[in-house]
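In our numbering, the protein residues as written are 1 to 136.
Check each hint, because a few of them may be wrong.
[Stated by the list, open to error] Derived Cβ-Cβ restraints for the label pairs, each shown as a range:
hint, residue 1, residue 2, range
1, D121, P7, 20 to 28 angstroms
2, S27, S56, 47 to 55 angstroms
3, A43, I65, 17 to 25 angstroms
4, I15, E110, 43 to 51 angstroms
5, I65, R126, 15 to 23 angstroms
6, T79, L132, 17 to 25 angstroms
Please keep in mind that the hints were generated in silico from the structure rather than gathered at the bench. Each residue gets a CB set at the ideal place from its N, CA and C atoms; glycine is no exception.
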Amino acid sequence: MIDSIYPHSEIPSSISLVEAPSFVAPSTSPQVRDRVQKCMEQAYAMIQTWELPVWSPPVTVPLVILLRAQQAVPMPANTPADTVARIDVLRNDAQLGWGAYSTDFIKSVEEIQGHHFNCFDSEYVRLLFRNLRPTR
1 MIDSIYPHSE
11 IPSSISLVEA
21 PSFVAPSTSP
31 QVRDRVQKCM
41 EQAYAMIQTW
51 ELPVWSPPVT
61 VPLVILLRAQ
71 QAVPMPANTP
81 ADTVARIDVL
91 RNDAQLGWGA
101 YSTDFIKSVE
111 EIQGHHFNCF
121 DSEYVRLLFR
131 NLRPTR
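Construct the complete structure from the given sequences, taking the supplied hints into account.
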């Protein structure tokens, strides 16, 4: 699972949430920018109504490796200090809140370079795959 927060986590009322700034390339056309924004809005709406699976024998909980970005998404300079991007609201929790779902769901957490939107940039990918490659 790639840097995904548990969708049903309690958000402290002291935190002001905002959507993350856009990380679409400046050369991207307005039409594509609009489509990306619409996809993000639809994904957020789907997550709000998603019911997590209940694992009952003989079906067992799948073992999940969580790839957790080390950095928070950069916010614009004029953002108030108590404001956090929604994707980073649980950044300080090693399992990004998934411990509330099931204590045996996350097999391991692998820290990866970058933030949620750039962790697969070319500067980080080689290191990511080297760290995830099984040893023989």
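A quick look at each hint next to the structure:
The beta-carbon spacing between D121 and P7, approximately 25 angstroms, falls within the hinted interval of 20 to 28 angstroms. Hint check: S27 to S56, Cβ distance near 50 angstroms, so the stated range 47 to 55 angstroms holds. Checked against the given bound of 17 to 25 angstroms, the beta carbons of A43 and I65, roughly 22 angstroms apart, stay inside it. In this structure, I15 and E110 break the distance hint of 43 to 51 angstroms, their C-beta atoms being roughly 26 angstroms apart.
Checking the proposed 15 to 23 angstroms range against I65 and R126 shows it holds: the Cβ atoms sit about 19 angstroms from each other. For T79 paired with L132, a C-beta distance near 33 angstroms fails the hint of 17 to 25 angstroms.
The structure does not agree with the numbered hints 4 and 6 stated previously, though it agrees with the rest.
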